[in-house]
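Q: Produce the complete structure using the sequences and hints provided.
Sequence order for the protein chains is A and B. Going by my numbering, the first sequence runs without a break in its numbering and finishes at 253. Going by my numbering, the second sequence runs without a break in its numbering and finishes at 1099.
Keep in mind that the hints are not guaranteed to be accurate.
As the list claims (entries may be wrong) - From the derived model, a few chain A residues whose C-beta atoms are all more than 12 angstroms from chain B:
#	residue
1	Asp58
2	Glu73
3	Glu74
4	Leu79
5	Thr116
6	Ala155
7	Leu172
8	Asp178
9	Val179
10	Glu186
11	Leu191
12	Asp201
13	Ile221
14	Ile241
15	Gly243
Said to hold, decoys possible - Derived lysine-lysine pairs resembling DSBU-like cross-links, with alpha carbons at most 30 angstroms apart:
#	chain 1	residue 1	chain 2	residue 2
16	B	Lys1064	A	Lys250
17	A	Lys82	A	Lys115
18	A	Lys76	A	Lys189
19	A	Lys219	B	Lys1064
20	A	Lys76	B	Lys1062
21	B	Lys1064	A	Lys17
22	A	Lys189	A	Lys207
23	B	Lys844	A	Lys219
24	A	Lys76	B	Lys981
25	A	Lys207	A	Lys219
26	B	Lys851	B	Lys1062
27	A	Lys17	B	Lys1017
28	B	Lys981	A	Lys16
29	B	Lys1064	A	Lys82
30	B	Lys1062	A	Lys82
31	A	Lys110	B	Lys981
32	B	Lys1064	A	Lys76
33	B	Lys1062	A	Lys115
34	A	Lys82	B	Lys981
35	B	Lys844	A	Lys114
36	B	Lys844	A	Lys16
37	B	Lys1064	A	Lys16
38	A	Lys17	A	Lys250
39	A	Lys82	A	Lys114
40	B	Lys981	A	Lys114
I should point out that these hints are in silico values taken from the structure, not numbers from a laboratory. Beta carbons are placed, not taken as given, at the ideal position from N, Cα and C, and that holds for glycine.
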Amino acid sequence: MSENKIEIRNLHKAFGKKVVLDGIDLDIRQGESLVVIGGSGTGKSVLIKCIQGLLTPDDGSILVDGEEVVGINEEQKERLHSKMGMLFQGGALFDSLSVWENVAFDLLENKGYNKKTAKNEAIRVLRQVGLAPDVADLSPSELSGGMQKRVGLARAIASRPEIIFFDEPTTGLDPIMSDVINDLIIESVKGLGATALTITHDMASARKIADRIAMLYQGKIIWQGTVKEMDKTTNEYVQQFIHGCSQGPIKVEI
Amino acid sequence: MILNNIQKYLRRQGKPLVTFISRLGEFSIFVAQAVYNSLTPPFYMRNLWRQVADIGFYSLPVVGLTTIFAGMVIALQSYSGFARFGAESAVASVVLISVTRELAPVLSALMVAGRIGAAMAAEIGTMRVTEQIDALTTLSTNPFKYLVTPRIWAGLIVMPLLVLIGDVIGIFGGYVVGVYKLGFNPANYVNATLQELQAIDITTGVVKAAVFGFIISIMGCYNGYKSKGGAQGVGTATTNAVVSASILILIFNYVITELFFSK
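A: Next up, the structure:
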């Protein structure tokens, strides 16, 4: 029994001629919170989508709980997804459903909860992310960006997943709201004892929620370590990224 | 040098063909997946009823208006041709046959394609570009079964019903013009209609309607599902859904007619 929740080996993915992931090796331990940092368009989202089976990699292997994810059929995928939750960058809330139906979606559609229990459970989770019960009956489009993020978080944790993915959880939020979301992420991940994989380029957020940080550059993991190690590293790429300098080894394509 | 140019030329000429074939392949896979998922559980009945209401109930006014005017204009047009001999029975049967075989199914389908095909492509397309479809997958829900299957079943069930209603309304339109404008005897007109009524006319119309319903739903879902690139992508998907569904409806209208009536 390995203590790695997720093991990624030699992962490759290209779109046409554009190579996005070029041999990723990455381990995520049981119960840890790993943050992958990297510039825009470096394939962070592609990495998450490969792990979830939303995209099929060209080559390589991904083990979740020691079981191969690459090339599994629809049924196995559904089983895989039942232990995963995801907070999408734009929230990705279903706008045809009310807030509570969004949060309780998995419970209602797949877990056979009846309406009343599902709604009570949704309200409980909403309260957990700091939302009052009266937002439950609103439609997602009536909420502010920060509230949508909270509902997205509530939906991600409602079915008590073992692994939670966060896709740029603080992008588009003001610094204070970002910090509130960071706190909620830490709370919910610890509360569930879940393993978390976050992708972001918000360094303040990364420092706060990460047990460990890995940096993605040109399709490879070029550095990984704790936040303390990150501040001391002599790796020029990491230094340039965390300090946000335009000068350095990373060239921005304009 | 020359060889290089020839190669370049061929590549340029061949690209649309390759694109076309790969699109066709993508579409075929989509249809196969849609059909397979429509026949295997789980079924999301709540979504099905919502679609039935959307496609069926809310299309009634549009279908009613389309078919009543179609029936009226056919009565008017055919009268000028048959005015002098047995006009009642000739006009009544022309209205009956053209409405049930052609006008009700084709015109209703074209109107519904504009109304519903566009709405499907826009809704599913927006769900695609805002990652809601990915979200469905991560919530252990097959997006085909949740989004595509209910729409396909709704199209298949509802279009024949709409066309049956359209048949009645269209024939009534012909009756109104025949009796109140052209001065036919109402009893004779109704008799002529009932005498001419044959099962085959209704059946072909209903078969056409089911096929058209499938076409509308599948084109709406396919174009929405594959849309990319934000608002503009969704706009393109919507246009493509309506245009491709309309053209396919006209093509299949001919094919089905050929199957039923060519000797």
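Q: Find the hints from earlier in the document that the structure breaks and name them by number, from lowest to highest.
A: Numbers 2, 3, 4, 6, 23, 27, 28, 33 and 35, in rising order.
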